[in-house]
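Q: For the numbering used here, add 1 to where a residue sits in the sequence shown, where the first one is 1.
Don't take every hint at face value.
[As the list claims (entries may be wrong)] Calculated lysine-lysine pairs in the DSSO-like style (CA-CA distance at most 27 angstroms, straight line):
1. Lys-170 / Lys-147
2. Lys-335 / Lys-324
3. Lys-335 / Lys-348
4. Lys-30 / Lys-170
5. Lys-348 / Lys-324
6. Lys-143 / Lys-170
What the hints contain is simulated information worked out from the structure, not anything from laboratory work.
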Amino acid sequence: MAHGLRQFFLGRTDDWGDAPRALGMEVTKGGQLRGLWNDAVEIRGYHAHETVWLGYEEEDGSEAYDYRHYTELYAILEPPLRCGLRVDSWKLAPDAPRQEDAFSLGDAELDRCYQGEASQREIARAVLTDPTVRALLLEHAKTWAKLWVSDRYVTIELPSYERRLRYVKPALAAVGAIGEAVLRARAAIRTPAEEAQRAAWAQVASGWGLDLSGDGARMHGAVRGTALDVRLSHDGWGMEIAVRLQTPPPCELRLRRQAPEDKPFGDGLIHQVFGFQDIVVGDPAFDARFIVQGEPEDAVRALLRPEARAVLLEVLDRFPGMKLEDGRLVVLEKALDDPRELDQVLKLCFAAAEALSPPSASPDQGPFRACSGRRRPSFGRAGEETAASTPQRADARRRTTRWHGDR
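Build out the structure end to end from the sequences listed, making use of the hints.
A: Structure follows, in structure tokens:
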């Protein structure tokens, strides 16, 4: 029998014994244990189980499964390390082969306890060989059989659904201490490439009026009412640009690039039989390159006006992995450190979001407007607005007057 499909499920228990009360942590509605380590690092825990399909029994042909229950306790690294890191503790025989793609940490003792990979190895080595980090990794490799560090997490796995405080507490203390030390070591490292990226992003954020995070890896804000969010990926090599449509579409709308496997027989007959949706807009160039889904279909077609289709095709040419769902246009791109190139990319994404905003269809209604119920102008006897309607006087009036009918 060969190992096959693995399925992961969160545990069906939120029983953490005395841990929440003893550690001052909380249990979420989903059963996760959550709290802070030294008011600096978020630590969590969850119970989980995994089902592994092993294949078919040779004797009677029945399916065979294996089940594994475990507990994961972890620290969240915020900001992420952004060096493509994943190292695991390993307790194998001294002559056991290491992973083919494993890299040396440059430290004989660490290499005996951990193996892994990183896209930016010099940064990873500098972080893991920091004296404090190194000491903690060596100490806890002796205690925990399954401990690993990635760009986003420090994790310890315990067998079964563990709730006993004598195991949960030291494991959480270990991931918290390692996480805090790792973040401190990473914050002290600034490569020339990172400095160039941060300088470029600071320039673009200033020009667009966006907020820049302290680590220079995220800029976000609203531009003419449209929410814009740009952030580096966890491994530092790529970035995600997300633009939320200013006006929510009057319909459910999902867009993505049409891949060859989407319509293996040209006319999409197989997909149609199994309920696959691809709305035909009526523009051959657009229909050939996009999968369009949503309800109601007439509203989707109305939203995809010629100007919207043109800019979406331009975005697709630049970002083959673009997608639109839940009112957000999302594209992935390599991390850019040229402010002019980054500015052009943001302009293209912003133009697409604006083109997808539904056009105003309200008729000319003259002076009539819907009453918001929040503020009414005050007029004098001759019908002219008085000083009471200025913001300062209006605020004073609201503090002392209750409008009858406003509920």
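Q: Decide, hint by hint, whether the structure agrees.
A: Results for each hint:
1. Lys-170 / Lys-147: Within the cut-off at roughly 16 angstroms; holds.
2. Lys-335 / Lys-324: holds, 16 angstroms
3. Lys-335 / Lys-348: holds, 16 angstroms
4. Lys-30 / Lys-170: holds, 21 angstroms
5. Lys-348 / Lys-324: Status holds; Cα separation ~17 angstroms.
6. Lys-143 / Lys-170: holds, 17 angstroms
In the structure shown, no violation is registered for any of the earlier numbered hints.
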